[in-house]
Amino acid sequence: MLGSLEDAKVLAGGQSLVPLLNFRLARPQHLIDINRISGLDGIHERDGGIAVQALVRQAAVEDSEVVARICPLLRDSVRLVAHRVIRNRGTVCGSIAHADPASELPAVLLALGGNVTAQSSRGRRVIAADQLFRGVFETSLQPDELVVEAWFPASPQPYAIFEESRRHGDFALAGAVRAGDSLALFGVASTPVLADRADPARGLEPSGDLEASPAFRLHLVRVLAEKAFAA
Amino acid sequence: MRVNGVEHSAPTDARRLLSDHLRHDLGLTGTHVGCEHGVCGCCTVLLDGAPVRSCLMLAVQAEGHEVTTVEGLARDVAPLHPVQQAFHECHGLQCGFCTPGFVMSVVGLLAQHPDPSPQQIEEGISGNLCRCTGYASIRRAVSRAVELTK
Amino acid sequence: MTTRWFGAPVQRVEDDRLLRGKGRFTDDLGEGALECCFVRSPYAHARITSIDVSAARAMPGVVAVYTAADLPFGGVDLPLLIPHPNLTHGRTQRCLASERVRYAGEAVAFVIAESRYIAEDAAELVQVDYEPLPVVITPEVALKAEHLVHDDVPGNVAAEMTQEVGDVDAAMRAAPHRKRLRFRYERGAASPMEGRAVWARWSAGERTLTVYDSTQSPTSIRGGLAVLFGLPESNVEVIAPDVGGGFGPKIMLFYPDELLVPYAAMQLGRPVKWTEDRQEHFTAVNQERGQVHEVEVGFDGEGRVLALGDDFIHDGGAYTPYGIILPIISAAQLPGPYRIPSYRVRFRDMYTNATPTSPYRGAGRPHACFVMERTLDAIAAELGLDRVEVRRRNLIQRDEFPYEVGVLWQDGNTVVYDSGDYPALLDRALAMLGPKPAGDHVGMGVAVYVEGTGVGPYEGAHVQVLVSGKVVAATGIPSQGQAHATVWAQVVADELGVDVRDVEVTGGDTRRFPWGVGTFASRGAVTAGNAMHVAARIVADRAKQIASDHLEAAPEDLELVGGQVRVKGSPDRGIPLAAVAVLSNPVRYAFGGGTEAATQFTAKAREGPPLHDGEQPGLEATGYYSPPGSAWASGCHAAYVRVDPKTFRLEILRYVVVHDCGRVINPLVLQGQIEGGVAQGIGGAFYERLAYDADGQLRNASFMEFLMPYATEIPRIEIDHLETPSPLNPLGVKGAGEAGVIPVGAVLASAIEDAMGVSITEMPLSPLKLYELSAT
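Residue numbers (our numbering), protein chains in the order written: chain W, 107 to 337; chain A, 18 to 167; chain E, 2 to 777.
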């Protein structure tokens, strides 16, 4: 369907899309509600990691025993996403496909070296995290592709996620995800970015907004990265 | 869709938000609209028992699901639900606009955690805005609700 | 009369319907009404060269589209609510702009359709051609006057006012120490959870207009509609049903919709309803808090203030519908609880291309408190003295009341504090605060404030005992969550000796009580509360008079207890209040309910006609209270905070409030008011601000970016009370609605300054601001 309709958007959790519709900032001609497709709401252990299908709600990941066992970094991260009421509808794959540079889950996928499986009428393909995020709300997904699954490798020890936000549940002004020796940052560039623990701010040119200047973001990056590697 | 146990058909206009459908098509005005961008929580209802923002759902998406609004907690003059009773005892509301959203969120919280820790309570009420109470009495109401449901 | 209900933590009578979802907020009502949407200016300043609504009018489902040209009152400026001789260049907007817009959000067209969805679709089709003009944003820019907001207002100055007590110049010259300080407060918004809404019905047959409005003053709306539409007041009914928070901006009138919705109902012959959405609330609803103060203070080596001069500019926005009340309040409240022998204050109310300003909880007092408290901290720092001690040395003492400050107050009188005990507030707050927590980066803040409450002109109340024995009461002012129905019931129940649950109170409905002013400025308890007391007292006296004939006892030997009128000392000699109500209305026909006792062949209690001269049937009375002056509440807040040295996150470790609002009617309600006020204060100090860019665009017009605190951002607050009754009113009460919010900015600024060792002269703050301050 996605392939055949012009100007269509997928509606899964809707927690990011519907506000845009209400503001009349997003005005797609068609909405494709995938919530009733069966067989897309599984969490499975696979290849040593966790596969999360398209309709898995963030709350389900938060409550999942298998996620807690195999990828506790993912569980800790999903707890930072907005508030529980939002997580009851929002999906993990939706958050990743939405690619808000200040959101947690894309950075977790990147830090762990995970991937997504994209499906279209033309077939399936696997996209590694470091090939997926292209810009603010921009991914390398084609307009007719649907993310049917996200795969998160098992979280190595030690792992950590820290973020600074103004209020509980807000988008991060800056965030750091540590997965073993790997460090990913969010909220400080147009996409989540991998960084060097020795010099996490190197090469970064974060933007400024009402709550954080570029300098403040760089400062927070150093503070959060230090915190992540102190554990 | 079933709303408070009663079957209803969904609206024909796909654009209709669930919050508007509940309020204006079904006459259940207890669910309030404060922002329409999912932040304030005044529109919170239960979808299959879990709290969701009704302003972030299209009404048609509720087809095949069970929606519970504040009106579904205590019909007509039936005694108040323990969460409602607790809010009353603890002065947990002033203007009452955010209240149904809070009540439904707390009902959902206690369904998941019948004996919540202070941290779980804080997390459970942290997604709703109140401009009147400063939240202190709401915290007290949640603790009281736990007592009343034991 | 034994006081049973006054002072008791009675649980609210309002709760049941609100908890069940049976509240009646304006948008809950008016099913089937036409719905509306505004077209608003996206430009902060522009000339309108054309407006084309033809495409919008043609859309199916659209019933009408109004521009100024379509309105008989389209060329009429909306009322200037509070004139003042110093407001030499007051300007108000028109209902719909047609030539010029002066703030982003100003209304240009009004679309009425079968549904809001269609109205919004049609609004997008309205074509307005704008020629942008230079934008004046911030009062400092306005003062430079490189560009004008109104062509005929030189210097962008709407009003200028200077007041002086004592001789500041002489005292300043003689002062051993002098300091100059500058303070800046940015705009904030009240942001009640319920936006504004208006629903109107017109009955052509009866020529009656009925309007439901989420307003804080139905009586004023009614008066204005009657004048504007040429209707007798008695044909206009305005009701504030349940209102989901007011906090000030709903005392502003007239918003364009308050005229357009009733007009449309009358023109179209169908009920019409408009409900705003949150985004338009941010620009279309009044705001306040923008001021810049230049202070000079002269003091001695002990930290005592000898002379204080303040020159401030007030950000008035694009129009001045509310006059200059806000800067008048700031000017009046600046000295606060302190003795300032010589004080001079000048303000200029500046026009800017932003949303007009009118009171938001605190209404000019938070700025005044901030300036005074920061000044005292600066004095302490300069002299190396303890900040608390400096305050003690300057506080007005308990034997100095009534205390004349000598400047103009918002009711037209001069400021005179009626009663208080400021040193006790400070002492008790510090005792509650306790010792400083261990650890780095911890600071302490304290602030003492006064609040002028209970302004007039008056409020009224009607109280009636029904033949069933139940009591109904009504007043003109509405509630927005302050539990009026419970609190007034307590006052009435005490006078009449009935159970508080047997008193049903209605407010804010001109059909039930048509006279009054409104709910604002912490005045409800003082004015309406005392009016209820007056009316109930008259009813009680009448009841005793009627009962005395039947009990053969003098009225002064009777008391009202337990729903009875009975002889003092002989509790078995009594007559139910319900029966007295029956007897108060001599009838020919007994229609049940015990009324046979009042018919002509039952025993006559007294000589003469059934109604003597001057008597009226029924056990009811109307009473009024008009305050001679404000009742001055006061309080002290103190706090410990910790500022994280790396993230600049603020942690409030401890927050205490000692509060004096005179005698307390319902401590549960009062606690809620203070807890809510402090939360709003914390929001305004550290989270919320209105971020206008240089083009006058509000960059954060949504709850995602206008950061109101959730529960996780608000700490536990400890509250204690002092009671210095007001000698000015029979109940001895003072207002409490705004108290929680007034000193919060000052307290947090003081504490953060103490924790970080940087100078704080601005509000609001944020981690970003603190990071930047620490880097300099």
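No wet-lab data here; the hints were simulated from the structure.
Heads up, a few of these hints could be off.
Stated by the list, open to error - Covered stretches of chain A, as calculated for chain E (at least 3 residues, CB under 8 angstroms):
#1 24-30
#2 65-73
#3 79-89
#4 104-112
Claimed, not checked - One-sided excerpt, in silico: chain A residues whose CB lies under 7 angstroms from chain E:
#5 G47
#6 C52
#7 C59
#8 Q136
#9 S154
Unchecked claim - Below are the EDC-like pairs computed for lysine to aspartate or glutamate, each with C-alpha atoms no more than 16 angstroms apart in a straight line:
#10 K180(E) to E383(E)
#11 K333(W) to D645(E)
#12 K115(W) to D302(W)
#13 K647(E) to E332(W)
#14 K23(E) to D93(A)
#15 K437(E) to E652(E)
#16 K180(E) to E295(E)
#17 K471(E) to E505(E)
#18 K770(E) to D315(W)
#19 K333(W) to D302(W)
#20 K770(E) to D645(E)
#21 K770(E) to E383(E)
Using N, Cα and C, we set each Cβ at its ideal position, and we do this for glycine too.
message = Need the list of violated hint numbers for this structure, in ascending order.
response = Checked against the structure, the hints that fail are numbers 1, 2, 8, 12 and 21, while the rest are satisfied.
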